[in-house]
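A.B. asks: Residue numbers (the working numbering): -7 to 418.
Honestly, the hints are just simulated from the structure, not real lab data.
Each computed DSSO-like pair below joins lysine-lysine, with the alpha-carbon atoms no more than 27 Å apart:
id, residue 1, residue 2
1, Lys172, Lys404
2, Lys49, Lys336
3, Lys402, Lys203
4, Lys302, Lys268
5, Lys193, Lys261
6, Lys251, Lys291
7, Lys404, Lys359
8, Lys359, Lys399
9, Lys236, Lys193
10, Lys336, Lys302
11, Lys172, Lys236
12, Lys268, Lys236
13, Lys347, Lys302
14, Lys193, Lys152
15, Lys399, Lys172
16, Lys399, Lys169
17, Lys251, Lys152
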Amino acid sequence: MPEKTSVSIITMGCPKNMVDSERLAGKLVHNGFAVDHEKEEADVIIINTCGFINDAKSESINEILAFSELKKEGRISKLIVSGCLSQRYRDELRKEMPEVDEFFGVSEYDVLLTYLKKPIKSAKDRMLITPSHYAYLKIAEGCDRSCSFCAIPGIRGGLKSVPVEDLIAETEMLAEKGVKELILIAQDTVSYGIDLYGQSKTAELIRRISKVEGIDWIRLMYTYPAGFSDELIDEIATNPKLVKYIDIPLQHINDEILKSMRRGHNRTKTVELIKKIRTRIPEVCIRTAFIVGYPGETKAEFNELYAFAKEMKFERVGVFAYSREENTPAWDLGDPVAPRTKMKRMSDLIALHEKNSTKHNQSLIGKECSVICDGKEGGEFVGRLMCDAPEIDNIAFIKGENLQRGKIYKTKITGAGIYDVEAEVL
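All chains should be modelled from the sequences, with the hints used to inform the complete structure.
C.D. replies: Take a look at the structure:
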């Protein structure tokens, strides 16, 4: 029996890219390949790139160059590049990187399989990159929003929701694999279903998914403030499987900046939404993200953002310096805010968040909290509270015996730091 061709998929960027890699891996396995994730040596290396902002592009290019050296040394036979960077700059990359055998855009799985000289068999299974107890469910591709700074619609196209029944089937498949925490993702999760059903079906989808046995936690990521419905707020408030955690990137709070960003909401509407969420779901943990150094952002406008973040005391915050991207509406605005100024503003917001995070974590000491065990690190059991998504949020160091990965434990919080808590199993 001939030995299977080995393939290793290297994934760059966000969880949405991760799901793409998992689906590609499932197709490759179904078509007779031996597949690994993140392995440096194989017959074929596929780098699933990110091309969203400059830092991500640089990281992807450096990864391609590193594997090009391995190919020159004869340690790999084929080097393939796929994903957002390839979709966006395929022609330029082909000219500049002749050592790469071929470039493919996003979701071009069947074309890639054909290139690898294999008859294509359909497959809906996924080969998970994540630990076996949690997984991402990508409920839609693309985006119909027109944020001025964002290149995603140009890379991945308009909103393309996955039919509800297909997502139910995928959830059942993931539950059978042992997944306990399901994390819903898309470019804009609150718009799910508008293209298929004429209106948002996010809340209904969550209700349907909640009925799948084996799934204990459901987490909603990448929501959008414009279009965040009362129905969805009520679903988060009342659904016992849906963790009381909302990821809602606000980007800014100044009206002029928001208008230039084409965000579709303003300061007044934003404050009303946050207060409504806090009132309806008192125990909610809100994660947001801000962009500093957007073209034309003045010191006064940044100070307004800083004061807003200080007032709202968001439990989890990500801060990013503006990255000027080609083929976006904001490109013509230039990049007038100096890099040093961007870094200073970014640093100031992060320092503010660290103070808020410490206070929030310390407020949990003595309280009982549910913690999902993610496994062991350095001899200690680690996990996460309901208010922490994998990879991007805080961790919990868990004191207990023979804990099981993926199991949810009742604990008492006994200590706290900036980005972690100590928890003792009850």
